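> Each chain, letter by letter, is given below.
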Amino acid sequence: MTPAQIAALAILAVAAVVGVARVVRRSSLGDRAVALDTLTAVITCALLIGASRVDDGLMLDLAVVLGLMGFLTSVTVARFIESRKDDQ
Amino acid sequence: MSDIIGSVGDVLAVACFIAGALLALIGTLGLHRLADTRSRMHAATKPATLGVALCALGAALQLSSMSDVTKVVVIVVLQLVTAPIGAHMLGRAVDDK
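Chain order of the listed sequences is R and F. Sequential numbering from 1 applies to the first sequence in the numbering used here. Sequential numbering from 1 applies to the second sequence in the numbering used here.
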């Protein structure tokens with residue numbers, strides 16, 4: 001049981017590193033926003049697996065908050081890109 | 001009998017976790033491989049919806065208390081409602097080439 005969960009968490013860690021590389025690499029603001037959105041999903045998956053590992057509701061609360069934060073972030077960045085386009 | 005059902009649930013949960021984690025990995029690899037921003041958004045939707053849903057299903061099979069399972073349902077519904085809205089706004093905002 002536990003080794004499989006650790007394997008899934010290891011795969012998620014690799015996915016997170018690949019996603020962070022996408023954010024750090026030189027790219028447009030929209031690309032970075034998309035990559036950060038994906039990282040939010042990866043962290044939510046990790047929190048869900050961690051919650052099943054320790055059988056604790058605290059991590060699920062964190063996942064709810066993270067989901068809301070991720071939504072607000074992508075909407076805010078999208079509005080910022082739109083407003084910057086209008087200025088030009 | 002309940003032992004057998006419990007171990008079947010364990011195996012299903014592990015399969016869901018591994019599948020969800022692999023989807024997350026494929027999605028982030030797609031962020032590097034695909035050509036333009038909207039194609040990358042296409043790759044980003046896989047971990048955001050099916051990846052989270054599979055991990056949530058695995059967690060719901062493992063968690064013992066009913067209130068925790070309800071929180072898992074809240075997480076999935078929240079993700080399924082907010083992901084298209086955010087992607088829609090980002091898709092409108094990114095530059096047209």
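Keep in mind that the hints were calculated from the coordinates and are not lab data. The model shown is predicted, which means the values in this text are computed figures rather than measured ones. Beta carbons are placed, not taken as given, at the ideal position from N, Cα and C, and that holds for glycine. Incorrect hints may have been included.
[Said to hold, decoys possible] Part of the chain R face toward chain F, derived, beta carbon under 7 Å:
(1) L12
(2) V34
(3) T38
(4) A51
[Unchecked claim] Capping the alpha-carbon separation at 16 Å, the derived lysine to aspartate or glutamate pairs in EDC-like fashion look like this:
(5) F:K71 x R:D56
(6) F:K71 x R:D55
(7) R:K85 x F:D3
(8) F:K71 x R:D61
> Given the proposed pairing of K71 (chain F) with D56 (chain R), does the C-alpha separation stay at or below 16 Å?
11 Å, holds
> For the hint on A51 (chain R), does the least C-beta distance to chain F fall short of 7 Å?
At 6 Å from the nearest chain F Cβ, A51 (chain R) passes the 7 Å test, so the hint holds.
> Should the hint that V34 (chain R) touches chain F count as held when the rule is a Cβ pair under 7 Å?
5 Å, holds
> Next pair to validate is K71 (chain F) with D61 (chain R); report whether the Cα-Cα distance is within 16 Å.
Given pair K71 (chain F), D61 (chain R) holds - Cα atoms ~7 Å apart, limit 16 Å.
> Against the 16 Å threshold, does the CA-CA distance of K85 (chain R) and D3 (chain F) hold or violate the hint?
60 Å, violated
> Hey, K71 (chain F) versus D55 (chain R), does the alpha-carbon distance stay inside 16 Å?
13 Å, holds
> Holds or violated: is there a CB of chain F closer than 7 Å to the CB of L12 (chain R)?
Holds - the Cβ of L12 (chain R) comes within 7 Å of chain F, reaching about 5 Å at its closest.
> Taking the closest Cβ pair, is T38 (chain R) under 7 Å from chain F?
The hint holds - T38 (chain R) has a Cβ within 7 Å of chain F, the shortest such distance being about 4 Å.
Against the hints set out earlier in the document, a violation occurs for number 7 only.
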